[in-house]
Amino acid sequence: MRQSIIHWFKFASPQGFYPLAGRMIPWFWAAAAIFGISGLWISFFVAPTDAQQGEGYRIIFIHVPASWMSMFIYLVMAFWAALGLALNTRVSGMMAQALAPTGALMAALSLWTGAFWGKPMWGAWWVWDARLTSELILFFLYLGFMALQAAIDDPRRADKAGAILALVGVVNIPIIYFSVKWWNTLHQGSTINLNKAPSMAQTMLWGMLLMALAFWMYSIAVALTRVRAIILERERHTEWVKHALE
Amino acid sequence: MNALLATVRRDILLALRRKSEVLTAVFFFVIVTSLFPLGIGPEPALLKKIAPGILWVAALLATLLGLPRLFAADHVDGTLEQMALSPSPLGLLVAGKILAHWLLCGLPLVLLAPVLGLQFDLDASALGILTLALLLGTPLLSLIGAIGAALTLGVRGGGVLLALLVLPLYIPALIFGAGAVEAHIAGLDIGGHLSLLAAMLVLAAFFAPWATTAALRVALE
Amino acid sequence: MHWNSVGEFFAMGGYALYVWGSFGACLVLMVAEPLLAKRRLNEVRKNLIRERLADELDHPSGTS
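Residue numbers (our numbering), protein chains in the order written: chain D, 1 to 246; chain L, 1 to 221; chain G, 1 to 64.
Just chain D, with the same shape it has in the complex (with noise of 0.2 Å):
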């Protein structure tokens, strides 16, 4: 038992975990992209036509699944943040500036294709719709998280200040979210709820559950990636950087 304790905390330096991402990114590659094409030929072929929505239905196959990693993300970042904060590792707060991005394009590729859902079906490219404000401003955390980090040139300083604002914001995002639902509620006017969505058959879901996981795994294997440049962008200078390019 101990022995696998001392074997994971190898993982927690920035030493260990450089080769490891090495090694893990292929195989989530590999899993991206037969749930990926899985997912698609349900999206595109198996699922069949939504009876009021028609074709156009079909966008819900990358917008659910965009939405679900854009929230999923801020809170494994929040994760690596809060682990980061605790416990002082330094590839915690790596992995929480190295998801930022995916996250942003996530939130950003939900906004993108709610907005081209929302085109045919209400007639508009934007209606202020509670979800849809509220995937808006978790794409200004995002971006706001990734400023500051930018901004701050030690990066021990970035890591524990993006870490307190990620928590920050991960409180946050359930208020933000329940006021602006309120507010939604409240000026009816304007209320269209995205989630009436076509009478959900089993294999849409099929479909949604299999392109969320393509871009979870996409995700993971972005992120190793990116974690890895920034490890060794700050470990430049260590002996360890000077052996691992052979």
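Just so you know, these hints were derived from the structure itself, not from any lab. Don't take each hint at face value.
Derived EDC-like pairs (lysine to aspartate or glutamate); straight-line CA-CA distance at most 16 Å [unchecked claim]: (1) G:38 / D:233; (2) D:242 / G:55; (3) L:49 / L:123; (4) G:46 / D:235; (5) G:46 / D:50.
From the derived model, a few chain G residues whose C-beta atoms are all more than 10 Å from chain D [to be verified]: (6) 5; (7) 7; (8) 22; (9) 51; (10) 54; (11) 57.
These numbers come from a predicted model, not from an experiment. Glycine included, every Cβ here is placed at the ideal spot set by N, Cα and C.
Position chains L and G against the provided structure of chain D, taking the given hints into account.
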């Protein structure tokens, strides 16, 4: 508790010696709210409808103006480091500074809001609700803003960055604060809005000084 | 399979712009992001290797 009051008194004294800084935020508030009718047109019904939102957004931005200075001067002359080393807990001193910021930047807005509301044809009861909502909301803005001010302390492009960090976090206060006045004008019950605003204030009063202290310690390292 | 022809598949029942606009943006971004991340990693690696070479030239003894 004495340490907290002493910090409040000190910050207020310092600010009163440089009145222009306090007055800038207040003038900003007055000018911005007066610009909207000029941009939109003088139609009373429309102005009345948008008044709560405009006054709240202007209050948000005016609070933001004073935030970069919350810790900057003390950071530059080393007072902040002395505070961190002092025997009284830093969290208490930080709470004092936040309270002083609210007294200097928030309270004047609360007192001015009813006067500015008259420009928008709000009636007496709506003005009362507006003032009450701002009274609950502006301390919340100061508390959340202090976290952002501490995080961006001494950072490149701090002012703009501060706005980017803090404004999304201000959204719930904006929604419930402006919503209370709107609901009142529409003849709805406003108890929910105000109690949620108060709940958020209590939550922030507990957590924000703590997070601000943590951020300050990071900045001082 | 409910598509009768390739053209019908790409027409998406009249929703082509919206469906392909969404999936296309998704594809573009999800190809670009890994490439950018990969390029960042390669760039750091290249710089580090170059630095080490310069180092070895400065101290030819190899003790460094």
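State the violated hints by number, sorted upward, taking the hints as numbered earlier in the document. 5, 8, 9
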